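Engineer: These protein sequence lines map, in sequence, to chains E and L. Quick note: the first sequence uses our numbering, first residue 1, plus one each step. Quick note: the second sequence uses our numbering, first residue 1, plus one each step.
Just so you know, the hints here were simulated from the structure itself, not pulled from any lab data. Treat the hints with care, since some could be wrong.
Here are the simulated lysine-lysine pairs, DSSO-like style, with alpha carbons at most 30 Å apart [claimed, not checked]:
#1 L:K62 - E:K103
#2 L:K78 - L:K62
#3 L:K83 - L:K15
#4 E:K103 - E:K49
#5 L:K44 - E:K61
#6 L:K83 - L:K62
#7 L:K62 - L:K15
#8 L:K11 - L:K62
#9 L:K44 - L:K83
#10 L:K44 - L:K15
#11 L:K71 - L:K44
#12 L:K71 - L:K11
#13 E:K49 - E:K68
#14 L:K11 - L:K44
#15 L:K78 - L:K15
#16 L:K78 - E:K103
#17 E:K103 - L:K15
#18 L:K62 - L:K44
#19 E:K49 - E:K61
#20 L:K83 - L:K11
#21 E:K103 - L:K71
#22 L:K44 - E:K103
#23 E:K103 - L:K83
#24 E:K61 - E:K103
#25 E:K68 - L:K44
#26 E:K49 - L:K83
With the C-beta cut set under 10 Å, the calculated list includes, among others, these residues of chain L facing chain E [as the list claims (entries may be wrong)]:
#27 G3
#28 Q6
#29 R9
#30 I12
#31 Q37
#32 Q41
#33 G42
#34 P43
#35 L45
#36 L91
#37 C92
#38 G101
#39 F106
#40 E108
None of the values given here were measured: they were computed from a predicted structure. Built from N, CA and C at the ideal position, the CB exists for glycine as well.
Here is how the chains run, residue by residue.
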Amino acid sequence: AQSVTQPDIHITVSEGASLELRCNYSYGATPYLFWYVQSPGQGLQLLLKYFSGDTLVQGIKGFEAEFKRSQSSFNLRKPSVHWSDAAEYFCAVRGNTPLVFGKGTRLSVIA
Amino acid sequence: EAGVAQSPRYKIIEKRQSVAFWCNPISGHATLYWYQQILGQGPKLLIQFQNNGVVDDSQLPKDRFSAERLKGVDSTLKIQPAKLEDSAVYLCASSPDRGFGNTIYFGEGSWLTVV
Chain E
1 AQSVTQPDIH ITVSEGASLE LRCNYSYGAT PYLFWYVQSP GQGLQLLLKY FSGDTLVQGI
61 KGFEAEFKRS QSSFNLRKPS VHWSDAAEYF CAVRGNTPLV FGKGTRLSVI A
Chain L
1 EAGVAQSPRY KIIEKRQSVA FWCNPISGHA TLYWYQQILG QGPKLLIQFQ NNGVVDDSQL
61 PKDRFSAERL KGVDSTLKIQ PAKLEDSAVY LCASSPDRGF GNTIYFGEGS WLTVV
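Please model the entire structure based on the sequences and the hints provided.
Structural biologist: Right under this line is the structure:
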């Protein structure tokens, strides 16, 4: 069965600084990988997804993620964080079952 | 295009009472999911429907939870009797079908507090 680890529970960055959220997955074959964002009191919104092909994928709101098979990682990045990016971020993997989520990383943005 | 609709958004009940949540998926989506998200954790799949049939309910606590999707569109998730540990957000989601490449779209969730 697949699993996801998000090592960082909480990250604080300054507005305008770069961001990288870590995600490691476990799955025997090539997985389908997703990043979702959840703002307070809201549902989950898809930021981006990787199925195959180019290992660097672009998403909404200026986010991108890079799939590294050798490291079993799918880290999320943004070059310049905005205050509105403060939210909970979930990495998820889909193999032979529906989405399995990590525990999430809470992002705080300070001025 | 309308998104996944859920109601009620918020519910507070006492333990041992019952509660029901309703979900209307995106039009035309054959696959419907219910996830449970406990505070501080990622969502966990409770049950998956394909049209009006159950595909996976292996993580549904069947002694107290039940779900149905009678006409292959709307779905209801029921908890009876509720326990304190059922306090969570119940997220409904849908996708066009079961294909692994399909994006799963989530509703805003139904927030349950059991006191």
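Engineer: Determine for every hint whether it applies to the structure shown.
Structural biologist: Now for the hints, and whether the structure bears them out:
A hinted pair counts as satisfied when its Cα atoms are at most 30 Å apart, and L:K62 with E:K103 qualifies at roughly 24 Å. Under the criterion of a C-alpha separation no larger than 30 Å, the hint pairing L:K78 with L:K62 is consistent with the structure, at around 10 Å. For the proposed pair L:K83 and L:K15, the alpha carbon gap of about 5 Å is at most 30 Å, so the pair holds. A distance of roughly 18 Å separates the Cα atoms of E:K103 and E:K49; the hinted pair therefore holds under the 30 Å criterion.
A threshold of 30 Å between alpha carbons decides the hint, and for L:K44 with E:K61 the separation of about 26 Å falls inside it, so the pair holds. Taking the CA atoms of L:K83 and L:K62, the gap is about 13 Å. The hint holds against a cut of 30 Å. Between L:K62 and L:K15, the direct Cα distance comes to roughly 17 Å. Compliance with the 30 Å bound is thereby established for this hinted pair. Of the supplied pair hints, the one linking L:K11 and L:K62 holds, its CA atoms being roughly 21 Å apart against a limit of 30 Å.
Restraint check for L:K44 and L:K83: satisfied, since their Cα atoms lie roughly 18 Å apart, inside the 30 Å limit. Proposed proximity of L:K44 and L:K15 is supported: the alpha carbons are some 22 Å apart, at most 30 Å. The suggested pairing of L:K71 with L:K44 holds, with an alpha-carbon distance near 25 Å, which does not exceed 30 Å. For the hint pairing L:K71 with L:K11, the CA-to-CA distance comes to about 26 Å; that is within 30 Å, so the pair holds.
Annotation: proposed proximity of E:K49 to E:K68 holds, straight-line Cα distance about 14 Å (limit 30 Å). Between the alpha carbons of L:K11 and L:K44 the distance comes to roughly 20 Å, so the proposed pair stays at or under 30 Å and holds. Using a Cα cut-off of 30 Å, the hinted pair L:K78 and L:K15 holds, with the two alpha carbons roughly 14 Å apart. Proposed proximity of L:K78 and E:K103 is supported: the alpha carbons are some 25 Å apart, at most 30 Å.
Using a Cα cut-off of 30 Å, the hinted pair E:K103 and L:K15 holds, with the two alpha carbons roughly 26 Å apart. Taking the CA atoms of L:K62 and L:K44, the gap is about 15 Å. The hint holds against a cut of 30 Å. A threshold of 30 Å between alpha carbons decides the hint, and for E:K49 with E:K61 the separation of about 14 Å falls inside it, so the pair holds. For the hint pairing L:K83 with L:K11, the CA-to-CA distance comes to about 14 Å; that is within 30 Å, so the pair holds.
Distance restraint check for E:K103 and L:K71: the Cα-Cα separation of roughly 34 Å exceeds the 30 Å cut-off, and the hinted pair is therefore not satisfied. Distance hint between L:K44 and E:K103 is fulfilled; the C-alpha atoms sit about 10 Å from each other, no more than 30 Å. This hinted pair checks out: E:K103 and L:K83 have alpha carbons roughly 23 Å apart, not beyond 30 Å. Annotation: proposed proximity of E:K61 to E:K103 holds, straight-line Cα distance about 22 Å (limit 30 Å).
For the given pair, E:K68 sits about 25 Å from L:K44 by alpha-carbon distance, which is consistent with the 30 Å threshold. Our distance criterion of 30 Å between C-alpha atoms is broken by E:K49 and L:K83, whose separation comes to about 36 Å. For L:G3, the suggested interface contact is upheld, since its CB lies about 8 Å from the closest CB of chain E, less than 10 Å. For L:Q6, the interface hint holds, since its Cβ comes within 10 Å of a Cβ in chain E; the closest pair sits about 8 Å apart.
Because the smallest distance between the Cβ of L:R9 and any Cβ of chain E comes to about 9 Å, under 10 Å, the interface hint for this residue holds. Here the hint on L:I12 is broken, as its CB sits about 16 Å from the closest CB of chain E, past 10 Å. Given hint, L:Q37 at the interface with chain E, holds; its Cβ is 8 Å from that chain's nearest Cβ, closer than 10 Å. Checking L:Q41 against chain E: minimum C-beta separation of about 5 Å stays under 10 Å; hint holds.
Nearest Cβ of chain E to the Cβ of L:G42: about 3 Å, under the 10 Å cut. The hint holds. Below 10 Å, beta-carbon pairs count as interface contacts, and L:P43 has one with chain E at about 5 Å; its hint therefore holds. Because the closest C-beta pair between L:L45 and chain E is about 5 Å apart, less than 10 Å, the hint holds. Taken as an interface hint, L:L91 checks out: its beta carbon lies about 6 Å from the nearest beta carbon of chain E, inside 10 Å.
With its C-beta approaching chain E no nearer than about 9 Å, L:C92 sits inside the 10 Å limit, and its interface hint holds. About 5 Å separates the beta-carbon of L:G101 from the nearest beta-carbon of chain E, less than 10 Å, and the hint is met. Restraint check, L:F106 versus chain E: the minimum CB separation of about 4 Å is within 10 Å; hint holds. Hint on L:E108 holds. Least Cβ distance to chain E is approximately 4 Å, under the 10 Å limit.
Hint violations for this structure: numbers 21, 26, 30, all remaining hints satisfied.
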